[in-house]
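K.L.:
Respectively, the protein sequence lines represent chains A and B. Just so we're aligned, residue 1 is where the first sequence starts under the working numbering, counting upward by one. Just so we're aligned, residue 1 is where the second sequence starts under the working numbering, counting upward by one.
If you're looking for bench data, these hints aren't it; they were derived computationally from the structure. There's no promise every hint is true.
Only some residues are given here: those of chain A computed to face chain B with a beta carbon under 7 Å [as the list claims (entries may be wrong)]: (1) Asp74; (2) Asn295; (3) Ala413.
Glycine included, each C-beta is placed from N, C-alpha and C at the ideal position.
Protein chains: 2
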Amino acid sequence: MNVVVIGGVALGPKVACRVKRVNPKAQVTLVDAGTLISYGGCGIPYYVSGDVADHTQLQETSFHMVRNVDFFRDCKDFTVRTQTRALAIDRKAKTVRIQGPDGQEEDLPYDKLVLATGSSPRLLPIPGRELPGVFSVSNLEAAIHIKQAVSSGQVQTAVIVGAGFIGLEMAEALADMWGIETAVVEVMDQVLPGFLSPTLAGIAEHHLKEKGVAVYTSEKVLAIEGNGRVSRVRTDKRELSADLVILAVGVTPNDELARQAGITCHERGGIIVSKTMQTSDPSIYAGGDCVVVENLITGKPGYYPLGSLANRQGRVIGTNVAGGRATFDGAVGTFILKLFDFAFAGTGLSLPVALREGFDAISTQVVQFDHAHFFPKKDLVTLEIVAERGSGRILGLQGVCANGDSLKARIDAVAAMLKFRPTLADLSNAEVAYSPPYAAAMDVLNAAANAADNILAGRCEPISPEEFMKLWNNRATEDILCIDCREWGNAAPYVERYPEFWKNIPQGQLRHRLHEVPQDKKILLICNTGGRSYEAQCILKAAGRNDTLDVPGGMGLLRQCGFDPAQE
Amino acid sequence: MNVVVIGGVALGPKVACRVKRVNPKAQVTLVDAGTLISYGGCGIPYYVSGDVADHTQLQETSFHMVRNVDFFRDCKDFTVRTQTRALAIDRKAKTVRIQGPDGQEEDLPYDKLVLATGSSPRLLPIPGRELPGVFSVSNLEAAIHIKQAVSSGQVQTAVIVGAGFIGLEMAEALADMWGIETAVVEVMDQVLPGFLSPTLAGIAEHHLKEKGVAVYTSEKVLAIEGNGRVSRVRTDKRELSADLVILAVGVTPNDELARQAGITCHERGGIIVSKTMQTSDPSIYAGGDCVVVENLITGKPGYYPLGSLANRQGRVIGTNVAGGRATFDGAVGTFILKLFDFAFAGTGLSLPVALREGFDAISTQVVQFDHAHFFPKKDLVTLEIVAERGSGRILGLQGVCANGDSLKARIDAVAAMLKFRPTLADLSNAEVAYSPPYAAAMDVLNAAANAADNILAGRCEPISPEEFMKLWNNRATEDILCIDCREWGNAAPYVERYPEFWKNIPQGQLRHRLHEVPQDKKILLICNTGGRSYEAQCILKAAGRNDTLDVPGGMGLLRQCGFDPAQE
């Protein structure tokens with residue numbers, strides 16, 4: 001059996017290796033247009049930062065062998081042809097026309113063909129993008145050029161266009177490790193649009209600014225300028241100095257080869273595949289950044305250019321090409337991102353996406369330590385859970401924590417459940433591992449489910465941090481009163497500074513001080529992380545006061561968003 | 001509505017608080033026989049070690065208020081009566097007879113009664129257990145006595161009877177923080193029997209010994225001896241010096257009150273409850289350490305005295321008592337344990353338990369970094385996955401890692417899925433969060449599923465570390481040859497020391513050196529962590545050699561078990 005694989009970064013080599021293990025008699029040829037293959041593309045920001053010293057490390061196995069043409073021939077028994085472009089597929093003849101490094105063309109016959117053609121950086125239609133010093137993070141070759149530029153010491157200022165994963169990772173790499181004055185420009189109104197709620201995006205933006213990275217959202221890049229080399233970026237609001245510009249405005253699937261061959265593609269791009277990862281031509285498989293797969297929450301096709309999915313799909317394709325049977329059901333869109341001192345992660349839908357997709361969705365935040373609060377080593381975890389009204393179905397979970405491994409534990413538990421359509425009750429009872437050095441008895445994950453359940457049951461009336469901050473900024477006209485449910489020591493700095501707007505009634509005294517809650521003001525209940533303010537709301541409801549608002553996550557969450565009126 | 005709760009450690013206070021939030025008009029009274037209530041019992045080892053300085057910290061909320069009688073009255077609006085024993089339940093009259101600190105008896109009327117009576121340490125029927133210096137870790141009062149004993153400096157030697165969670169945590173607390181010469185005696189043939197496979201238990205035992213803790217398994221304590229105070233422990237194999245003895249041989253449910261009232265209990269102990277946590281009397285609920293609940297893997301009743309479950313069940317009971325509707329479906333038995341430099345964790349069934357329960361089960365181990373192998377900060381994770389032949393159903397997952405948060409992420413993902421009866425295909429494709437600082441593109445969790453899948457599909461013929469070590473110890477009579485599939489640098493120390501039994505054929509050379517694999521020997525394929533040895537097995541199978549054995553986890557796993565013949 002002849003197997004031809006087009007593309008050699010993540011999915012292609014995985015398919016080829018798997019085919020050979022399952023069916024060692026298969027003849028497998030992999031062609032790739034580049035010179036460098038089988039590298040960990042997601043490691044590029046860490047190579048640029050210097051965390052990974054040498055780019056060959058991204059091509060190495062865990063036992064330090066470089067995955068090059070020789071490696072795949074000797075250890076994996078298949079042929080790799082680099083600098084070789086696939087020009088066209090003849091589906092009738094079952095051949096692929098390729099062009100080698102010498103320009104010679106040739107037809108490779110296949111019984112099974114695998115398209116692992118990946119994605120390309122989206123291009124901005126703006127002047128100046130061809131100037132020296134302007135890069136996209138398209139592949140390892142480009143990364144090598146970026147690192148040469150920054151390590152030469154010639155880069156003092158950089159502008160990143162696009163605040164998605166790669167944009168923010170590159171911002172950290174430049175600012176943190178090379179001390180470059182870095183600005184991020186994003187056309188949408190928040191960083192990581194689509195992946196985080198405005199609340200969590202606000203935390204990320206606040207942290208970026210703390211770390212000296214300028215963030216300009218709702219701002220459009222109009223032109224890149226310079227004489228012979230980039231020197232500035234012009235947006236619709238300002239001009240930014242830039243010795244280096246990185247364009248990171250997303251990627252588009254490389255589906256041209258498939259389209260030209262008449263294989264069914266999605267109208268917005270991407271090859272359409274079945275759960276067996278077969279294209280509309282059953283002899284041709286596709287996976288990774290060039291395909292669309294089902295979103296398991298919405299049931300609709302989605303585009304997930306993620307290295308993790310490419311590897312899982314690669315194994316499925318390899319099994320099927322070799323004559324076995326495996327399926328890839330779809331994606332839930334799980335991610336994790338290191339951003340200076342914090343990790344941000346999520347799975348499923350964020351609230352804005354859930355609403356856009358037509359779900360009657362709510363979200364709420366909880367803030368709690370990852371480990372037992374009495375254990376010395378611990379970090380705060382902030383989680384935002386997204387759930388559907390009525391059904392209580394969990395639609396997504398996102399969060400932030402200084403300990404990325406701890407955050408991953410919470411996100412992955414939900415990521416693993418999502419395909420089974422779990423409800424809040426499932427998560428409330430989820431039996432995650434407990435011991436004081438690693439968790440609280442009631443884990444923050446269970447607490448998130450319980451918080452959402454209390455809202456859906458009408459027991460808690462929350463206000464989001466954004467809404468709270470908006471009310472606070474208009475506190476006089478809105479006629480608000482924050483009731484601080486903590487003890488006096490915590491509340492004092494706020495009460496003393498804003499006596500008209502901030503009042504202290506410790507939760508344990510509230511039952512006897514109900515008369516001190518004014519009837520004619522908008523009451524906002526607040527504490528450290530939301531436990532006592534929720535309890536206070538229950539007390540006020542029982543006393544017939546139903547119009548108060550609780551601030552979930554409390555001052556703990558607001559401070560992460562950069563809000564602390566006692567510090568102003 | 002009158003609600004009476006009997007028991008005030010974990011579940012009882014949780015129920016009472018939840019009832020009051022859902023139905024603030026309920027009159028709730030909680031009685032407890034002790035003086036200290038609502039403490040984090042799982043924190044006791046960390047209080048004894050000194051990680052937690054003061055025992056009141058175990059009673060504090062996250063905002064540093066002590067959860068005592070006043071706290072529950074003021075902040076939670078229910079009555080707590082300490083030093084008050086529940087003597088009998090009159091189900092017809094719906095009253096509980098209680099006896100207060102002054103000896104006075106009284107009948108408390110209830111509409112709903114909650115039994116949160118917990119568990120008691122199992123008693124060993126051996127002489128000397130009443131001697132001063134002999135403790136069980138039954139409650140916070142006992143812990144205070146133990147800490148007084150060790151912090152007085154009078155304890156040089158200690159013996160822990162029982163190598164379960166509490167026994168091992170106490171061993172670490174005594175040996176690590178107080179420098180006490182500590183021995184653990186366990187009647188079963190491994191530590192953590194029932195929770196870990198022999199392989200992972202062997203890793204734990206090896207690490208305990210590295211840390212100076214003596215471990216004696218398959219050994220029975222016959223007597224505790226001393227004049228007026230404990231001085232030694234006599235087992236069926238030796239005598240151990242002991243200034244302090246801790247009995248940690250498990251707990252039994254406190255179900256007497258329920259039994260006497262005619263409530264249905266399990267024949268081996270524990271109150272039987274429905275998914276709504278109601279006993280056979282629908283007005284009486286029970287949860288926590290005094291009940292049995294369904295094991296969601298086996299479908300059979302099981303006993304899970306875990307603080308994490310108590311908290312989850314407490315919320316369910318509180319909701320139901322207050323007139324709502326919630327269910328607790330059952331347990332999967334998730335745990336995590338800190339043991340000196342490593343965390344051990346698991347969920348579902350270990351291989352020995354799966355086999356005992358009649359499953360046609362296999363297990364296999366994988367060893368891989370928690371983060372991308374090219375990222376500077378990383379730790380090895382060892383996972384053992386348990387799966388059912390035929391169905392590929394996942395029955396359990398256990399593991400060990402120096403980074404407990406990383407291990408928790410892998411265990412919790414499976415813990416969260418288990419109730420949905422996932423298969424290896426579900427885990428192979430599980431979309432856990434990926435980014436180089438936190439995971440590999442193909443996570444160790446996916447790799448575990450794939451390794452088990454390869455075994456069930458007949459593509460990999462594994463040998464367990466125990467079987468391997470047994471063969472190695474009889475290497476001459478068993479006529480074995482280890483083929484080391486690594487490069488020469490890794491293999492050299494073994495080949496040079498054991499030229500008859502250890503041969504190096506790097507995996508990449510095997511296809512051309514097939515003739516060097518002797519036909520008449522038992523061939524064991526080995527590498528660093530199992531990847532290349534599996535690849536080698538595929539090559540040998542393709543060449544018609546079907547009787548070789550692969551060592552999953554390779555030298556990485558064997559070294560964790562304390563096996564390294566080059567070091568002997």
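K.L.:
Take the shortest C-beta to C-beta distance between alanine 413 of chain A and chain B; is it under 7 Å?
P.N.:
Where the cut-off is 7 Å and the nearest Cβ of chain B is about 4 Å from alanine 413 of chain A, the hint holds.
K.L.:
For the restraint on aspartate 74 of chain A, tell me whether the closest CB of chain B is nearer than 7 Å.
P.N.:
Holds, because the Cβ-Cβ distance from aspartate 74 of chain A to chain B comes to roughly 4 Å (cut-off 7 Å).
K.L.:
Take the shortest C-beta to C-beta distance between asparagine 295 of chain A and chain B; is it under 7 Å?
P.N.:
violated, 11 Å
In the structure shown, a violation is registered for the earlier hint numbered 2 alone.
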